[in-house]
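Protein sequences appear in the order of chains H and E.
When the first sequence is numbered by my numbering, its final residue is 86 and no position is left out of the sequence of numbers.
When the second sequence is numbered by my numbering, its final residue is 86 and no position is left out of the sequence of numbers.
Each hint should be verified, as a subset may be incorrect.
[Stated by the list, open to error] Under the rule of at most 25 Å between Cα atoms (straight-line distance), these lysine-lysine pairs were calculated in the DSS-like manner: (1) H:LYS46 to E:LYS46; (2) H:LYS16 to E:LYS16; (3) E:LYS8 to H:LYS16.
Bear in mind the hints are in silico, worked out from the structure with no lab data behind them.
2 protein chains.
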Amino acid sequence: MKARVHVTLKQGVLDPQGTAIQGALAHLGFEGVGDVRQGKLIEIDLQESDPARGRAQVEEMCRRLLANTVIENYAIEVMS
Amino acid sequence: MKARVHVTLKQGVLDPQGTAIQGALAHLGFEGVGDVRQGKLIEIDLQESDPARGRAQVEEMCRRLLANTVIENYAIEVMS
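Bound-form chain H, shown alone (with noise of 0.2 Å):
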């Protein structure tokens, strides 16, 4: 099966790299564009095939060395 995890920045935690594309896309044109943040993308093969066995062991990578869980949220996806 396969896991993709969502790493994003809490909210209040500044992000430069957001803020660098906000500032891009403003100097190329885009008008209306509020605030950017830009996160991680993480997709994980595993080879667990049960889905609620699966997701803990990826809970505990992202706990453990995915995402930095003072300023970090992630989100889950297991899929089959």
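Starting from the structure of chain H, add chain E where the hints point.
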């Protein structure tokens, strides 16, 4: 409205960040982890309220700035 863009490396393009995560997960003792790929997640607030026009605008942002279409794919999700 809000748009979410997933930018991922095309198949066959080397992904050193993904490989580093895969190695780190193995080092932490996670078993059964196959291929890992890392991409970008970009969330954009738009003043545009029409979903079709909003999507077209983000599509142009992807082509002109957010994705390098030689090596990257992008997927756009428009949220109300």
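Structure-based check of all given hints:
{"no.": "1", "hint": "H:LYS46 to E:LYS46", "verdict": "holds, 5 Å"}
{"no.": "2", "hint": "H:LYS16 to E:LYS16", "verdict": "violated, 28 Å"}
{"no.": "3", "hint": "E:LYS8 to H:LYS16", "verdict": "holds, 17 Å"}
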